[in-house]
Amino acid sequence: MKKYLIISLLLIFNCSSFALTTIPIFNQRVVDITNTLTKSQLNELESSLIEFEQSRTDGAQIAVLMIAKLSNETVEQYADRVFINWKIGKKDADNGILLLIVKEDRLMRIEVGYGLEGTITDLIASHIIQEQLAPKFKQNNYYQGISDAITVIKNKLTVFNSHFNKSQQLTDTQSNANKGNDLISISNKVIGWAIASFFICFVFSRLVFSTLGKRVFLTAILNTLSTSGFVLWNDCSISFVLVLACFFISIYFSLHFSGAINGHSGGGFRGSLGGGIGTSRSSSRSFGKFGGGGGGRSGGGGASGRW
111 MKKYLIISLL LIFNCSSFAL TTIPIFNQRV VDITNTLTKS QLNELESSLI
161 EFEQSRTDGA QIAVLMIAKL SNETVEQYAD RVFINWKIGK KDADNGILLL
211 IVKEDRLMRI EVGYGLEGTI TDLIASHIIQ EQLAPKFKQN NYYQGISDAI
261 TVIKNKLTVF NSHFNKSQQL TDTQSNANKG NDLISISNKV IGWAIASFFI
311 CFVFSRLVFS TLGKRVFLTA ILNTLSTSGF VLWNDCSISF VLVLACFFIS
361 IYFSLHFSGA INGHSGGGFR GSLGGGIGTS RSSSRSFGKF GGGGGGRSGG
411 GGASGRW
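Per the numbering used here, residue 111 is the first one in the sequence shown, and the count goes up by one each step.
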């Protein structure tokens, strides 16, 4: 019985000796489980990071974690686990940064998410460790070192965000200009097609029918179908209103050109339709108005150091 008890105790001891470092709950932006920072210092750092997040629209996030020591893993491995567990940064953007301090082991790590690796490069992260963190930590001035590091990181991200917004505005402006030019080009093509199609349909209808009413109706139908087909073939958007406009405009011009051709016959033209001509002209005037965080992915970017 004693033998089994000893074996059980040894197994428990071995398992505990290989246990990984505990990851604390991410309930605030600055987590200090060593109680090194005072309450006022924690509040100042927290307020600074909140202000930073609120000033941005991309969801970038900075988190700070200070622990006593590591268990059976490197600072890089632990930082990666924390980064994933805390899901720092915005979902799908992965624009988070973790500043990890292991006090008793005198280790530190700046872990950078995928989305910010081009801004906070490994070299920049290394400089922050050497120039802002290490000198202050050697003096046991942890608050000032963390504050200085956060300031540098915020400035780097702010400059990048400013350049990105300007670039995005230029891109949007150029895109809108291109859309406007494309719309003008498409409109010119549609108008040109509609005019050419009208004359072809007009001539065809005169060959098919002898009565004016049938000619006008056939011209309008054929030209509307032809123009609609052209628009759809070229992947342009078309609405029911435009189809109606094309139909009635075709009727108007059919009557107009029929009148011009048959005008010398006088009553022959007016006698066939009577008051219908007046109605068509009225319609043409009315249609003339038509016109135009959950992030947490890191590829190992950042830097580590000691003091």
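Hints were generated in silico from the structure; no laboratory data involved.
Keep in mind that the hints are not guaranteed to be accurate.
Only pairs whose alpha carbons sit at most 30 Å apart, straight line, appear in this in silico BS3-like list of lysine-lysine [unchecked claim]: (1) K179 with K248; (2) K149 with K299; (3) K246 with K213; (4) K200 with K324; (5) K266 with K246; (6) K266 with K248; (7) K264 with K201; (8) K264 with K248; (9) K200 with K264; (10) K179 with K299; (11) K200 with K149; (12) K264 with K324; (13) K149 with K266; (14) K264 with K299; (15) K324 with K299; (16) K213 with K197; (17) K266 with K299; (18) K299 with K200; (19) K246 with K299.
Here are the simulated distance ranges between beta carbons [as the list claims (entries may be wrong)]: (20) T268 with L335: 50 to 60 Å; (21) D202 with S157: 24 to 34 Å; (22) K299 with S157: 15 to 25 Å; (23) V313 with D202: 52 to 62 Å.
Think of the CB as a built atom: it goes at the ideal place given N, C-alpha and C, for glycine as much as any other residue.
So, going through the hints one by one against the coordinates:
1. K179 with K248: 17 Å, holds
2. K149 with K299: Judged against 30 Å, a Cα distance of about 70 Å means the pair is violated.
3. K246 with K213: Holds, at roughly 13 Å.
4. K200 with K324: 65 Å, violated
5. K266 with K246: 21 Å, holds
6. K266 with K248: Holds - the C-alpha atoms of K248 and K266 are around 25 Å apart, at most 30 Å.
7. K264 with K201: 20 Å, holds
8. K264 with K248: 23 Å, holds
9. K200 with K264: 16 Å, holds
10. K179 with K299: 72 Å, violated
11. K200 with K149: 28 Å, holds
12. K264 with K324: The hint is violated at about 75 Å.
13. K149 with K266: 27 Å, holds
14. K264 with K299: 52 Å, violated
15. K324 with K299: 28 Å, holds
16. K213 with K197: Distance of about 23 Å is within 30 Å: holds.
17. K266 with K299: 49 Å, violated
18. K299 with K200: 45 Å, violated
19. K246 with K299: Cα-Cα ~70 Å, so violated.
20. T268 with L335: 50 to 60 Å: About 58 Å separates the Cβ atoms of T268 and L335, which means 50 to 60 Å holds.
21. D202 with S157: 24 to 34 Å: 28 Å, holds
22. K299 with S157: 15 to 25 Å: 59 Å, violated
23. V313 with D202: 52 to 62 Å: With Cβ atoms ~59 Å apart, the hint holds.
Of the hints listed earlier, those the structure fails to meet are numbers 2, 4, 10, 12, 14, 17, 18, 19 and 22, in rising order.
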